[in-house]
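Chains A and B, in that order, give the protein sequences.
The numbering used here applies: residue 221 is where the first sequence begins, and numbers increase by one.
The numbering used here applies: residue 103 is where the second sequence begins, and numbers increase by one.
Accuracy of the hints is not assured; some may be wrong.
Within a straight-line C-alpha distance of at most 25 Å, the following computed SDA-like cross-link-like pairs (lysine to any residue) qualify [unchecked claim]:
#1 A/261 / B/123
#2 A/565 / B/155
#3 A/410 / A/603
#4 A/261 / B/117
#5 A/357 / B/127
#6 A/565 / B/154
#7 A/565 / B/106
#8 A/431 / A/383
#9 A/489 / A/375
#10 B/183 / B/142
#11 A/593 / A/403
#12 A/591 / A/375
#13 A/410 / A/461
#14 A/357 / B/136
Selected chain A positions facing chain B (Cβ under 7 Å, derived; list incomplete) [as the list claims (entries may be wrong)]:
#15 302
#16 342
#17 346
#18 384
#19 563
#20 586
#21 589
Just so you have them, the derived chain A footprint on chain B, three or more residues with Cβ under 8 Å [stated by the list, open to error]:
#22 115-128
#23 139-153
#24 182-191
What the hints contain is simulated information worked out from the structure, not anything from laboratory work.
Beta carbons are placed, not taken as given, at the ideal position from N, Cα and C, and that holds for glycine.
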Amino acid sequence: MALIEDAGHTAIDPDTRTPLLVLASCPVENPPEGATRLSGKLKVRIKPNTRAFEAYGTRSIAESFNCNYELNPEYRRPLERSGLMVSGVSGDGGARIIELPPPSWHLATGFLPQLSSEPGMPHPLIVAYLEAALALKKLKTKGAERPETLENRWDILYRDYPEAYEEFASVPYSKSWLDAARRITGFRGKVVADIGSGTGKSTFEVARYPKQVIGIEPEDAMRKIAMENAAELGLSDVSFLEGRAERIPLADNAVDITIAVTAASFYNKENVKSFSSEAERITRKGGHILVLESAPGWYGGELAHVILGKRRTTWTETWKDRIFEELGFKRRDFYLSSDYGTVEKAIRTYGFIFGKKAIDYLRAHGKTTIKWKARIYYKQLSP
Amino acid sequence: MKEELSIGIIGDFDPNKPSHIATNEALKHAADHLSLRAKVTWLPTPSLVPLQARMEFDRYDAIWAAPGDPESSEGAILGVKQARLWGKPFLGT
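Here chain B stands alone, though its shape is the one from the complex (with noise of 0.2 Å):
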């Protein structure tokens, strides 16, 4: 079996945005070369306010931050720092 993972992603899934689709699929490319599968999870900014929310990032691997401007600014940066105080992987594009 294919070892598994979880990379929860800081953004606002928009089926529109050319770059949110392309998140989502160069994140399977990348792993199939790797031989592996990536489970993501779009994590919506104004959901990542609360602390516990955030205490949540314990269960992924790494964390990304999508394009585009995030519903809630406050929820994004939160959301960063948690990933870095957690020592995530963590890539922002």
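Just chain A, same shape as in the assembly (with noise of 0.2 Å):
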């Protein structure tokens, strides 16, 4: 984003040392008396791939102008580097529309489309504009029948909120897990057990290299959503099973690596050992297990310390790296950050899931992604 200090409108003060909006230039010739700088039709040429395109679905059009003023075009390409478009350009070169780019649908005009609006001939930019209205609040309606948060629920999460879960584990990531998972073993033509598979994500993603990936996942729920995204992608060697981290229903050496993201699995000492040993029966020797989870302190990321109310450094799972070293892990630490978008989204998707002082804490800081310090537990069984 650029930073104009103290952007100035000559409108405003004449003798602004940073004039982003100045005088208009004048396209317009003799016009008439008392008319304003921009005045009348004006041909805008509009730039494919925008907003302001999907809108119009045409190259050229005519606007209404009454405007004195435009956008200072010393600030245009530092304005344009940082992410702002425009959109549309009259003939003397101009921006007559700016917009900023997709999630959001923010769009502003140097013309007065309303005045070219009539009954029965709505202006597309309006149209547009509603439109973009309509599927943002359709999106919180659907939201509106449940909580706005469920306080780090986990259960109820997995067990009514498959859906939500899902949207939450498809935010895009800074990097993957597997990259991190790869430096430590390959995955090309293995067979693979994910433990706590969730709705699939981490099944699909590590499907792309294996040989064959076998889901086990208790909640009936997210098993069901598992399935029918398999279905939907194609994906004929990827396959759901009824089962939990203790008891996973597979043979013995039945699988070459064993993995579990993120799989809410391990509350204490005792079910990471029972995880452990169904882990190291079902892997083959020589094979590999391996455990992603938030690094101790980094529960929900960043705000660890908003959601949980106390500082980093005096609150760690300490218990889980003591446990894992005792079972032969060795662990590797990674950063990635996830990307909401908007403040809305992470609100919707983060926030719903790490409660009301999350949600506070997006919005008063107007936070769009979460840094997130990850944790691998891994181990190789002796051949």
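Since each chain comes alone in its own frame, lean on the hints to assemble the complex.
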């Protein structure tokens, strides 16, 4: 984002040192007495692949101007470099439509589209604007049937809101856990068990490489979505079975690699131990076991201290490190960040899970990305 | 029943300004075209200076910045910023 300090408008302060908006150069020849500098109908060229083009569906239109000011051309390049798009330009090269890149629908015009709207002949930009509002509203009313947040009740999330989990799991990450995992062992041509596969996000991601992936998930609602997604993706080498980390429904030495990706299966020492012995049973000699978790103190990512009301340095899940170490696992850390695009989306997905305190923080700070520190516990079984 | 969209307009409504009247009417034309109802609320710019007022933006499905010189350019700019921060569809004319 370009930062223009004290951006000025020469109508407000003629002597401003940062004249972002200035008197329009004179594209209208011999304007009538009393008319504004930009007045009457002017041709505007529309840039393809923009919100404006989506709305107009044409490269050139005539619009009604009644304006004295325009974007100072000197500021155009820096603004464009920082993401602002000039999507409509008049014959003299002046910026007449500007917009922000998706996912937002933010558009401003130097003309008055409302002046050329008539009953039965609405203005295409205004129609597109209302369509964007309607789309967002529908997304939210779907969410209105559910509470604002589950306040970290993952059990309810898994059981009753698998779509919300799916949405959370689908947020783009700066890098994949798989990149880190592949540095520990290759997946190509292998048979993999994915424990706590949820709606299948990790299963499908890993399915790009191996021969076969079997997802194991106790929650019916999650497994149902996973199977539907597998069918939709046309993946025949992926299957899902009912089962839990402590009791995996697979034969001894059935797989080459066992993974558990933020599987929420590890509440205490006992169940880490039962997972570990089950994983060792189903994984062949020389195979790998990989467990991906948030690093201790990074529950909910960088907002851990907000969500838990504690400082990261004074709160760590060291018991988990200790038990995995006892069981012969090594560990490796890496950072990633999830990008929600808009604050609304962050509140709807992340906030829905992590609670009111997280929502207030996202809103107050306008946060759209969350940084995470992730930890992989891994072990190679002796051949 | 028709779906209703709530539109908040940042601007100091002046019934003598044809562009303001046209804004209300154009929203109706577009809403009719989409078989929607547009509920329009004008938000005077000086009222948008306190944060409390901008927190009310949550009730609007989209924000519009009206033509004409705002009474409070600070309020107008803060309003536009809020719309962007919350990812509200936005049109400035």
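Notebook entry, point to check: Holds or violated: is there a CB of chain B closer than 7 Å to the CB of residue 563 of chain A?
Noted result: holds, 6 Å
Check: Within the assertion that chain A covers the region 115-128 of chain B, do at least three residues meet a Cβ-to-Cβ distance smaller than 8 Å?
Finding: n = 6 at 8 Å, threshold three: holds.
Notebook entry, point to check: Within a Cα-Cα threshold of 25 Å, do residue 565 of chain A and residue 106 of chain B meet the stated pairing?
Noted result: holds, 22 Å
Next item on the list: Sort out whether residue 603 of chain A lies within 25 Å of residue 410 of chain A, counting only the CA atoms.
Entry: Holds, at about 16 Å.
Checklist line | Distance restraint between residue 410 of chain A and residue 461 of chain A, which requires alpha-carbon spacing of 25 Å or less | finding: Given pair residue 410 of chain A, residue 461 of chain A holds - Cα atoms ~18 Å apart, limit 25 Å.
Checklist line | 25 Å limit on alpha-carbon distance, applied to hinted pair residue 489 of chain A and residue 375 of chain A | finding: Distance ~19 Å between residue 489 of chain A and residue 375 of chain A Cα, so the pair holds.
Check: Does the alpha-carbon distance linking residue 565 of chain A and residue 154 of chain B stay inside the 25 Å limit?
Finding: Cα-Cα ~22 Å, so holds.
Item checked: Proposed proximity, residue 155 of chain B with residue 565 of chain A (alpha carbon, max 25 Å) -> holds, 22 Å
Note to self: Check the hint pairing residue 261 of chain A with residue 117 of chain B against an upper bound of 25 Å on the C-alpha distance.
What the structure shows: Distance of about 24 Å is within 25 Å: holds.
Item checked: Given hint residue 123 of chain B paired with residue 261 of chain A - CA-CA distance at most 25 Å -> Roughly 20 Å between the alpha carbons, so the hint for residue 261 of chain A and residue 123 of chain B holds.
Check: Is residue 593 of chain A close enough to residue 403 of chain A, meaning Cα to Cα at most 25 Å?
Finding: Holds. Residue 593 of chain A to residue 403 of chain A sits at ~17 Å (cutoff 25 Å).
Item checked: Pair hint outcome, residue 357 of chain A versus residue 127 of chain B [Cα-Cα no greater than 25 Å] -> OK: residue 357 of chain A and residue 127 of chain B at ~22 Å, within 25 Å.
The structure fails to meet hints 8, 15, 18, 21, 23 from the earlier list, while all remaining hints are met.
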